[in-house]
Amino acid sequence: GAVVSQHPSRVICKSGTSVKIECRSLDFQATTMFWYRQFPKQSLMLMATSNEGSKATYEQGVEKDKFLINHASLTLSTLTVTSAHPEDSSFYICSAVAGDNEQFFGPGTRLTVL
Amino acid sequence: KQEVTQIPAALSVPEGENLVLNCSFTDSAIYNLQWFRQDPGKGLTSLLLIQSSQREQTSGRLNASLDKSSGRSTLYIAASQPGDSATYLCASTKAAGNKLTFGGGTRVLVKP
Numbered sequence: 510g511a512v513v514s515q516h517p518s519r520v521i522c523k524s525g526t527s528v529k530i531e532c533r534s535l536d537f538q539a540t541t542m543f544w545y546r547q548f549p550k551q552s553l554m555l556m557a558t559s560n561e562g563s564k565a566t567y568e569q570g571v572e573k574d575k576f577l578i579n580h581a582s583l584t585l586s587t588l589t590v591t592s593a594h595p596e597d598s599s600f601y602i603c604s605a606v607a608g609d610n611e612q613f614f615g616p617g618t619r620l621t622v623l
Numbered sequence: 013k014q015e016v017t018q019i020p021a022a023l024s025v026p027e028g029e030n031l032v033l034n035c036s037f038t039d040s041a042i043y044n045l046q047w048f049r050q051d052p053g054k055g056l057t058s059l060l061l062i063q064s065s066q067r068e069q070t071s072g073r074l075n076a077s078l079d080k081s082s083g084r085s086t087l088y089i090a091a092s093q094p095g096d097s098a099t100y101l102c103a104s105t106k107a108a109g110n111k112l113t114f115g116g117g118t119r120v121l122v123k124p
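Residue numbers (this note's numbering), protein chains in the order written: chain A, 510 to 623; chain B, 13 to 124.
Some clues are possibly wrong.
As the list claims (entries may be wrong) - Capping the alpha-carbon separation at 25 Å, the derived lysine to any residue pairs in SDA-like fashion look like this:
#1 A:575 with B:111
#2 A:550 with B:81
#3 B:123 with B:83
#4 B:54 with B:80
#5 B:111 with A:611
#6 A:550 with A:579
#7 B:106 with B:83
#8 A:523 with A:622
#9 B:111 with A:622
#10 A:550 with B:80
#11 B:123 with B:94
#12 A:523 with A:608
#13 B:13 with B:60
#14 A:550 with B:82
#15 B:54 with A:531
#16 B:13 with A:531
Unchecked claim - To give an idea of the interface, some chain B residues facing chain A are shown, with a C-beta separation under 8 Å as derived from the structure:
#17 26
#18 28
#19 41
#20 43
#21 44
#22 54
#23 56
#24 58
#25 61
#26 98
#27 101
#28 111
#29 114
#30 116
What the hints assert, rightly or not - Sample of chain A residues with no beta-carbon within 10 Å of chain B, all distances over it, derived:
#31 515
#32 525
#33 612
#34 616
Rather than coming from a laboratory, the hints here were simulated on the basis of the structure.
Beta carbons: idealized from backbone N, C-alpha and C, even for Gly.
Starting from the given sequences, assemble the full structure and let the hints guide the process.
Here it is in structure tokens:
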């Protein structure tokens with residue numbers, strides 16, 4: 510299957526700082542990528558849809574100014590958690606849509622805000 | 013609004029037994045349905061993708077069926093192994109490039 514990478518895999522930061530997470534499709538181009546967060550022992554919660562060359566579409570209840578998404582190329586989307594606080598600590602996962610509409614997921618990024 | 017349900021939430025079987033995982037959805041107008049596997053602390057691994065026009069897909073010991081009229085998909089894993097222990101998620105999408113709607117997952121434990 511196609512490969513999606515995320516960087517970093519784990520990040521620890523102080524409260525008030527901003528953290529950028531990258532999602533890359535390594536062997537295919539993805540017009541659409543998705544960002545999820547997952548709390549322990551729960552299913553994935555969709556945060557936003559990232560479309561190359563246009564503004565992201567955020568799910569209800571997700572603050573767009575808090576979670577900035579940039580999909581600048583067909584292989585890269587970034588999620589920036591601005592002014593992070595301990596409640597933002599979570600597992601963030603991205604996915605990318607391949608040509609046959611199959612979605613492939615990255616390995617996830619564990620964010621811990623102290 | 014599409015709702016996807018997976019029952020049971022957890023399943024424990026002895027090694028060698030066949031696994032049957034159920035997924036039901038309320039809106040039959042799906043574009044495709046995917047089955048994923050998630051290991052603790054990891055991302056999701058795509059197992060099988062079934063297009064709306066297909067009835068089943070097979071890959072090795074895995075077989076997934078789709079019955080849109082009844083709103084059901086079933087994932088069969090033959091001759092289970094301890095390495096099959098993971099959480100299995102099904103998800104559907106209603107159009108190309110659209111977001112996935114996930115079930116809550118079934119946590120599987122295969123005992124040696």
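Each hint, compared with the structure:
Taking the CA atoms of residue 575 of chain A and residue 111 of chain B, the gap is near 21 Å; set against the 25 Å cutoff, the hint holds. For the hint linking residue 550 of chain A to residue 81 of chain B, the alpha-carbon distance of about 31 Å lies beyond 25 Å, and the restraint is violated. Proposed proximity of residue 123 of chain B and residue 83 of chain B is contradicted: the alpha carbons are some 31 Å apart, above 25 Å. Taken as a hint, the residue 54 of chain B and residue 80 of chain B pair is broken in the structure, with Cα atoms around 30 Å apart against an allowance of 25 Å.
The straight-line distance between the Cα atoms of residue 111 of chain B and residue 611 of chain A is roughly 11 Å, inside the 25 Å bound, and the hint therefore holds. Pair hint residue 550 of chain A plus residue 579 of chain A does not hold up; C-alpha atoms about 29 Å apart against a cutoff of 25 Å. Taking the CA atoms of residue 106 of chain B and residue 83 of chain B, the gap is near 13 Å; set against the 25 Å cutoff, the hint holds. Distance restraint check for residue 523 of chain A and residue 622 of chain A: the Cα-Cα separation of roughly 6 Å lies within the 25 Å cut-off, and the hinted pair is therefore satisfied.
At roughly 28 Å between alpha-carbon atoms, residue 111 of chain B and residue 622 of chain A are farther apart than 25 Å, so this suggested pair is violated. A hinted pair counts as satisfied when its Cα atoms are at most 25 Å apart, and residue 550 of chain A with residue 80 of chain B does not qualify at roughly 29 Å. Of the supplied pair hints, the one linking residue 123 of chain B and residue 94 of chain B holds, its CA atoms being roughly 6 Å apart against a limit of 25 Å. A hinted pair counts as satisfied when its Cα atoms are at most 25 Å apart, and residue 523 of chain A with residue 608 of chain A does not qualify at roughly 39 Å.
About 24 Å separates the Cα atoms of residue 13 of chain B and residue 60 of chain B, which keeps this hinted pair within 25 Å; it holds. Restraint check for residue 550 of chain A and residue 82 of chain B: not satisfied, since their Cα atoms lie roughly 29 Å apart, outside the 25 Å limit. Note on residue 54 of chain B and residue 531 of chain A: the hinted pairing holds, with a Cα-Cα distance of about 16 Å set against a maximum of 25 Å. Taking the CA atoms of residue 13 of chain B and residue 531 of chain A, the gap is near 31 Å; set against the 25 Å cutoff, the hint is violated.
This hint is violated: residue 26 of chain B has a C-beta 24 Å from the nearest C-beta of chain A, more than the 8 Å allowed. For residue 28 of chain B, the interface hint is violated, the least distance from its beta-carbon to any beta-carbon of chain A being 27 Å, above 8 Å. Given hint, residue 41 of chain B at the interface with chain A, is violated; its Cβ is 15 Å from that chain's nearest Cβ, farther than 8 Å. With 8 Å as the threshold, the beta carbon of residue 43 of chain B comes within range of chain A, its nearest partner Cβ sitting at about 7 Å, so the hint holds.
About 6 Å separates the beta-carbon of residue 44 of chain B from the nearest beta-carbon of chain A, less than 8 Å, and the hint is met. Interface hint status for residue 54 of chain B: upheld, as the beta-carbon distance to the closest one in chain A is roughly 6 Å, under 8 Å. Here the hint on residue 56 of chain B is kept, as its CB sits about 4 Å from the closest CB of chain A, short of 8 Å. For residue 58 of chain B, the interface hint holds, since its Cβ comes within 8 Å of a Cβ in chain A; the closest pair sits about 6 Å apart.
The closest approach between the C-beta of residue 61 of chain B and any C-beta of chain A is roughly 5 Å, which is under the 8 Å cut-off, so the hint is satisfied. Evaluation of the residue 98 of chain B hint against chain A yields a violated restraint, the C-beta minimum of about 13 Å exceeding 8 Å. Taking 8 Å as the C-beta contact cut-off toward chain A, the hint placing residue 101 of chain B at the interface holds, the least distance being around 7 Å. Given the 8 Å rule on beta carbons, the hint for residue 111 of chain B holds: about 6 Å separates it from the nearest Cβ of chain A.
The criterion of a C-beta within 8 Å of any C-beta in chain A is met by residue 114 of chain B, whose closest approach is roughly 5 Å, and the hint holds. Using the Cβ-Cβ criterion of 8 Å, the hint placing residue 116 of chain B at the interface with chain A is satisfied: the shortest such distance is roughly 5 Å. For residue 515 of chain A, the non-interface assignment is contradicted: its Cβ lies about 8 Å from the closest Cβ of chain B, within the 10 Å cut-off. With 10 Å as the threshold on Cβ separation, the claim that residue 525 of chain A sits away from chain B holds: the shortest Cβ distance comes to roughly 26 Å.
With a least beta-carbon separation of about 6 Å from chain B, residue 612 of chain A fails to lie farther than 10 Å from that chain, contradicting its non-interface assignment. The non-interface label for residue 616 of chain A is inconsistent with chain B: the shortest C-beta to C-beta separation is roughly 4 Å, within 10 Å.
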